[in-house]
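Chemist: Now for the letters of each chain:
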Amino acid sequence: MRVWKYGDDVNTDMLFPGKYTYTCATADEIKPHLLEDLDPEFAGKVQAGDIVMAGKNFGCGSSREQPALGLRAVGIEAVIAGSFARIFYRAAINQGLVLVECPEAVAAFRPGDDVTLDLAGGKILVAGKAYGFPPLPAQILAIRDAGGLLPYARAKLEKGK
Amino acid sequence: MGQTFAQKVLARAAGVRSVVPGQIVTVRPDHLLTHDNTSAIVGKIEKDLEKHGVVSTEMSIIVLDHVVPAVDEKTATGHRKVRDFVAKYGIEHFYDVGVGVCHQVVVEKGLALPGRVLVGSDSHTCAYGAVNAFATGIDRTEAAALLLTGETWLRVPPTIKITLQGALKSPVSAKDLVLKIIGDLGADGANYDAVEYHGDVASLSVDDRFVVANMGIEMGAKIAVFPFDAVTEKYLAAAGVPRTAYEPVWADADAEYKSEHTYNLAAIEPMIALPHKVDNVKRVKDAAGIEIQQALLGTCTNGRLSDLRAAAAVLDGRKVDPRVRLLVLPASREILEAALADGTLAKLVRAGGVVLPVGCGPCLGAHQGILAPGERCISTSNRNFKGRMGCKDSEIYLASPETVAASALKGVVTDPRG
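Top to bottom, those sequences are chains E and U. Residue numbers for the first sequence follow our numbering, beginning at 8 and rising by one. Residue numbers for the second sequence follow our numbering, beginning at 17 and rising by one.
Since the hints were made in silico from the structure, they are not lab data. Predicted model, so just to flag it, every value in this text is computed and none were measured. Among the clues, some could well be false.
Straight-line distance between alpha carbons at most 35 Å, and here's what the computed DSBU-like set of lysine-lysine pairs gives [as the list claims (entries may be wrong)]:
no.	chain 1	residue 1	chain 2	residue 2
1	U	K24	E	K163
2	E	K163	U	K104
3	U	K335	U	K274
4	U	K402	U	K97
5	E	K38	E	K52
6	E	K163	U	K63
7	U	K426	U	K196
8	E	K163	U	K402
9	E	K12	U	K60
10	U	K177	U	K104
11	U	K274	E	K38
From just these sequences and the hints, can you work out the full model?
Modeler: Listed below in structure tokens is the structure:
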């Protein structure tokens, strides 16, 4: 497991360049360009179970869902950040990507530290020290736990019929 | 305790008596905007659409604007898929290539109205706050679910109150004001929040309000909204919307705010956002002399007639510096026609301007006016992120139409006050 650590205000153009927005929509099309202008190493080396850690305002900018879709598709366990920009936050929930807002854990992290996420317990272990984070509201958890918004909406539509 | 604009609108949209910040409500938006990304959106739910159809033919607004005319077979195919979807499901509000940038079109066609709730799969959907609408960006998957179900969840935002005093002094304009505010509050200064503009807003035209509301997202805002007044009413009447068609909403005098800020408009100077963050804001005079190779006038932020006129007034009878490519991107066909009719476009073209098809153009780096490594563009658009105009080794500077025009003449960043 590797932790990919970045700074504040990582925007959607850094996560997935705008020039590909109208030509890449599927996970396979998105993966090679993930974080292309931020960290050229990422797309080639990321592995399932890795964690992305960043400062405040992660995902600011466009209403571009490819970053959330792509990070989920490559198997990122969670993005842990100081804070998230709201459209990205929604996009992540809608894709079933786990986001954890915990500025204390981000501040404590040093390169090489082990990071373990205990989602159900609401805590992150950084080099053995625990940092808590509040649970998501029930309505939002229901969407994420359904595997994303579309499975959630489909179930609702079927129920309504 | 009084209520904010966001509280009142969301309570009404959710069909409950009152809501509080932090509360999550389920709403049925009045409209859903999607653009070229409609093809990817519908692609997610083809089978669901076969089974359930769209929940409403009237809710959806679709504008082809992001890569228009199509740049290659793939984008052309995307556009065709959108047209097929529109025809198959009888989507009422569809605007094909050449009508304009979605955010301009939505308002021009009278679809964004005071007190209404609109969501769009584009971050600058917040622009409709200019006409007192609650409007915010969502992602593609959410747009797909909305096409099927017609509803979504919204968290009631806390609100930041910004009070404007006095009037801007030409050639300072609305872009300078909003850059100043974003520079002060920061790129996440309003993250998850609503921003209400109060005070002497009557001195700002609806075009000005668009510039300010459009850039709300650049400080993270969920919505950025102006009160309804005689200026809004006149604007909507000219767009063919009678006063009886909508119900404006505004905050109570004793509403509770997360923070409050006041700006003296007469003291605002020409401002510029330096690479690669929109909140990296300086006075133009402190950045003067930086060489530029491209100047972009237009987009959904500053592509309205008053913006083109302001630039034309600076450029009239003169020529842009031979080292500079001046790109002119009107926000809609209506604006293009008006600029043709009143001679504005002739002035811009004679000065050396290259007129681009109405749409998003170079702003998102997908086509038209891509930069080369090492090049700099001064632009009236809303984002200067690294790589935004298609090249990660280029730089984008954001400024007003007046500053962009003055800089195009000199070939370097130039204060329009001379």
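Chemist: Decide, hint by hint, whether the structure agrees.
Modeler: Each hint tested on the structure:
1. U:K24 - E:K163: Since the Cα atoms of K24 of chain U and K163 of chain E sit roughly 28 Å apart, the hinted pair holds (cutoff 35 Å).
2. E:K163 - U:K104: holds (24 Å)
3. U:K335 - U:K274: Violated - the C-alpha atoms of K274 of chain U and K335 of chain U are around 48 Å apart, more than 35 Å.
4. U:K402 - U:K97: Holds. K402 of chain U to K97 of chain U sits at ~31 Å (cutoff 35 Å).
5. E:K38 - E:K52: Holds, at about 11 Å.
6. E:K163 - U:K63: holds (16 Å)
7. U:K426 - U:K196: The given pair, whose Cα atoms are some 24 Å apart, holds under the 35 Å limit.
8. E:K163 - U:K402: Cα-Cα ~41 Å, so violated.
9. E:K12 - U:K60: Measuring from Cα to Cα gives roughly 31 Å; hence the hint holds.
10. U:K177 - U:K104: Violated - the C-alpha atoms of K104 of chain U and K177 of chain U are around 45 Å apart, more than 35 Å.
11. U:K274 - E:K38: violated (39 Å)
Checked against the numbered hints listed earlier, the structure breaks hints 3, 8, 10 and 11; every other hint is satisfied.
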